[in-house]
Amino acid sequence: MAEVKQTRIEISDGALIPDRNEKSVFSAWRISFFGAIALLVILPIVKPDPFWDILKFIPDGILRTFQVTVSSIVIALFIGLVAGLGRISRITIVNRIATVYVEVIRGIPLLVQLFYIYYALGQFFTLPPMVAAIIAMSVCYGAYMGEIFRAGIQSIPKGQMEAALALGMTRAQALRKVILPQTFRVILPPIGNEFIALLKDSSLVSILAVSDLLRRGREFASVSFQYFETYTVVAIVYLVFTLFFSKLVAAMEKRLERGG
Amino acid sequence: MAESANKRVRIIDVSKYFGDVQAVRNANVEVAEGEVVLIIGPSGSGKSTLLRCVNRLETLSAGDIWIDDIHASHSKSDIRRIREEVGMVFQSFNLFSHLTALGNITLAPRTVKKLSREQAEADARRLLKRVGLSDKEASYPGQLSGGQQQRVAIARALAMNPKVMLFDEPTSALDPEMIKEVLDVMLDLAREGMTMLVVSHEMGFAKAAADKVIFMDQGEVLEIGTPAEIFENPREERTKRFLEHIL
Ligand SMILES: Nc1ncnc2c1ncn2[C@@H]1O[C@H](COP(=O)(O)OP(=O)(O)OP(=O)(O)O)[C@@H](O)[C@H]1O
Ligand SMILES: [Mg+2]
Chain A
1 MAEVKQTRIE
11 ISDGALIPDR
21 NEKSVFSAWR
31 ISFFGAIALL
41 VILPIVKPDP
51 FWDILKFIPD
61 GILRTFQVTV
71 SSIVIALFIG
81 LVAGLGRISR
91 ITIVNRIATV
101 YVEVIRGIPL
111 LVQLFYIYYA
121 LGQFFTLPPM
131 VAAIIAMSVC
141 YGAYMGEIFR
151 AGIQSIPKGQ
161 MEAALALGMT
171 RAQALRKVIL
181 PQTFRVILPP
191 IGNEFIALLK
201 DSSLVSILAV
211 SDLLRRGREF
221 ASVSFQYFET
231 YTVVAIVYLV
241 FTLFFSKLVA
251 AMEKRLERGG
Chain B
1001 MAESANKRVR
1011 IIDVSKYFGD
1021 VQAVRNANVE
1031 VAEGEVVLII
1041 GPSGSGKSTL
1051 LRCVNRLETL
1061 SAGDIWIDDI
1071 HASHSKSDIR
1081 RIREEVGMVF
1091 QSFNLFSHLT
1101 ALGNITLAPR
1111 TVKKLSREQA
1121 EADARRLLKR
1131 VGLSDKEASY
1141 PGQLSGGQQQ
1151 RVAIARALAM
1161 NPKVMLFDEP
1171 TSALDPEMIK
1181 EVLDVMLDLA
1191 REGMTMLVVS
1201 HEMGFAKAAA
1211 DKVIFMDQGE
1221 VLEIGTPAEI
1231 FENPREERTK
1241 RFLEHIL
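Residue numbers (our numbering), protein chains in the order written: chain A, 1 to 260; chain B, 1001 to 1247.
Don't read these hints as lab results, they were simulated from the structure.
Note that the coordinates shown come from a computational prediction; the quantities given were computed from them, not determined experimentally.
In this text, a Cβ means the ideal position worked out from N, Cα and C, and glycines have one as well.
A hint or two may mislead.
Said to hold, decoys possible - Below are the SDA-like pairs computed for lysine to any residue, each with C-alpha atoms no more than 25 Å apart in a straight line:
(1) B/K1076 x A/K247
(2) A/K247 x A/I236
(3) A/K177 x B/S1172
(4) B/K1114 x A/K247
(5) A/K158 x B/V1021
(6) A/K177 x B/E1181
(7) B/K1113 x B/M1194
(8) A/K254 x B/G1142
(9) A/K158 x B/G1142
(10) A/K177 x B/V1021
(11) B/K1163 x A/Q160
(12) B/K1114 x A/T170
(13) B/K1076 x A/R176
(14) A/K177 x B/R1117
(15) A/K177 x A/R90
(16) A/K247 x A/P181
(17) A/K158 x B/S1139
(18) B/K1163 x A/Q173
(19) B/K1180 x B/L1222
(20) A/K158 x B/K1207
(21) B/K1076 x A/R90
(22) A/K177 x B/M1194
(23) B/K1136 x B/N1161
(24) A/K158 x B/Y1140
(25) B/K1136 x A/R185
(26) A/K158 x B/Q1143
(27) A/K254 x B/K1114
To be verified - Output of the computed footprint for chain A on chain B, the stretches with three or more beta carbons under 8 Å from beta carbons of chain A:
(28) 1183-1191
(29) 1222-1231
To be verified - In silico contact screen, one side only, chain B against chain A (beta carbon under 10 Å); selected entries:
(30) G1034
(31) V1037
(32) N1055
(33) R1083
(34) F1090
(35) A1157
(36) K1163
(37) L1166
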């Protein structure tokens, strides 16, 4: 009997995926996550100077980091959808444009792209640092998202498109009502991983004078000279967030596997 | 069945190439209104390809196909009109896996025919009842057996009110105990006067419902006749050999 094929696509790298089989109370994830939380609670109590001061100083930065991350991921999703559709387009010129975009962007380090948009293009027009940061991040991640969309769409069995066409739907209708809804389910975990990777990479925008988490840390450290303490807290805060979101992605994956 | 009946489907000199492979050679087939035509032949003989040419899932390399008075040229709107008139049932069901049985059946009437949700759902429930699955409207394909999925797929095709139904080996992916429930639905359809083109090697269905049998080999329509002519008295040596193989 013909099984309905389970569609799975490769997970991109760049994120810590908790091991699903680790049921132990002392799983690696738990040790890291609750250890990090414990440090954030204990350190300011044991040594309020400087830890309590640091913790009071960085929330603005956390907010900025999330502003950059969330705005970039939303725009990158949109770019990725367009790029992914372009990559599978049968119209040669559209296909080429999308492919060149993906190849070029993936071939240039994000840090260089940030410099390029802010400083190189800055010779012709000046963008506010925050805007330049979000543009660079979303253009870059849009290319990776494009590949996720492409792989996701191609993982949907071709009988789905054929059945929709055979019913008289246009390709666009079939894409919108049949292919993309199934694609979104398949690509949710990889997109979650891109979100985590973007969250971490967003620390790069601190070089554009965006006061994100890392930048706030630097500001604090350069005044107080307490580099070790400050960057320890910064690192732990990043870790708490990435661990939290990777758990979320894993839970999402599990639910999709169960076919919910 | 009667010679005077209107021709629903006319396949005229149709050829289909995939690169160098000629999957269909100069096929000529006419199907009258209400006729059930069975297509048999060895694997790779072009049965699926011929069927898929009828609703233009494959483009024709040469020839013409008419559905009543609609001739699909290459214009997209003609092709869509043909697809609205021609329903198709696939070997692997191809139900939309993100939609319930009801959602599968109502999607095309709502998006293509712009029916209201209420209207489309009323029609869908009537069709589900007809295929014996009234209690499964909220089930997703993954929760249905193969036979149930194929019956939903038939209902989904019927929801567009087609004039012609194409079946490409509708039971060959099914466990034996589920074949009958699907064939029964197809037999009902045939009795109600649906024009059908069926690729299948189910002899029971052939004897009970087929008006005509077509034998294809190597892309060629080698022989067309009544079931009695083809099964009991084939003219061609290749037909004989094939039948010995499957009977
Ligand atoms: N999309 C395709 N691209 C290339 N060749 C194809 C394609 N589809 C079919 N063919 C070839 O065309 C020929 C006819 O195939 P078709 O699927 O129509 O045969 P069939 O009679 O339906 O066989 P089966 O009983 O195995 O389903 C075969 O040689 C096949 O390899
Ligand atoms: Mg076939």
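Against the structure, the hints:
no. : hint              : verdict
1   : B/K1076 x A/K247  : violated, 47 Å
2   : A/K247 x A/I236   : holds, 16 Å
3   : A/K177 x B/S1172  : violated, 28 Å
4   : B/K1114 x A/K247  : violated, 43 Å
5   : A/K158 x B/V1021  : holds, 22 Å
6   : A/K177 x B/E1181  : violated, 30 Å
7   : B/K1113 x B/M1194 : holds, 21 Å
8   : A/K254 x B/G1142  : holds, 17 Å
9   : A/K158 x B/G1142  : holds, 17 Å
10  : A/K177 x B/V1021  : violated, 34 Å
11  : B/K1163 x A/Q160  : holds, 22 Å
12  : B/K1114 x A/T170  : holds, 13 Å
13  : B/K1076 x A/R176  : holds, 18 Å
14  : A/K177 x B/R1117  : holds, 15 Å
15  : A/K177 x A/R90    : holds, 20 Å
16  : A/K247 x A/P181   : holds, 24 Å
17  : A/K158 x B/S1139  : holds, 22 Å
18  : B/K1163 x A/Q173  : holds, 23 Å
19  : B/K1180 x B/L1222 : violated, 29 Å
20  : A/K158 x B/K1207  : violated, 33 Å
21  : B/K1076 x A/R90   : holds, 16 Å
22  : A/K177 x B/M1194  : violated, 29 Å
23  : B/K1136 x B/N1161 : holds, 21 Å
24  : A/K158 x B/Y1140  : holds, 19 Å
25  : B/K1136 x A/R185  : holds, 23 Å
26  : A/K158 x B/Q1143  : holds, 21 Å
27  : A/K254 x B/K1114  : violated, 37 Å
28  : 1183-1191         : violated (count 0)
29  : 1222-1231         : violated (count 0)
30  : G1034             : violated, 22 Å
31  : V1037             : violated, 18 Å
32  : N1055             : holds, 6 Å
33  : R1083             : holds, 4 Å
34  : F1090             : holds, 6 Å
35  : A1157             : holds, 7 Å
36  : K1163             : violated, 13 Å
37  : L1166             : holds, 8 Å
Taken one by one, the earlier hints fail for this structure at numbers 1, 3, 4, 6, 10, 19, 20, 22, 27, 28, 29, 30, 31, 36, listed in ascending order.
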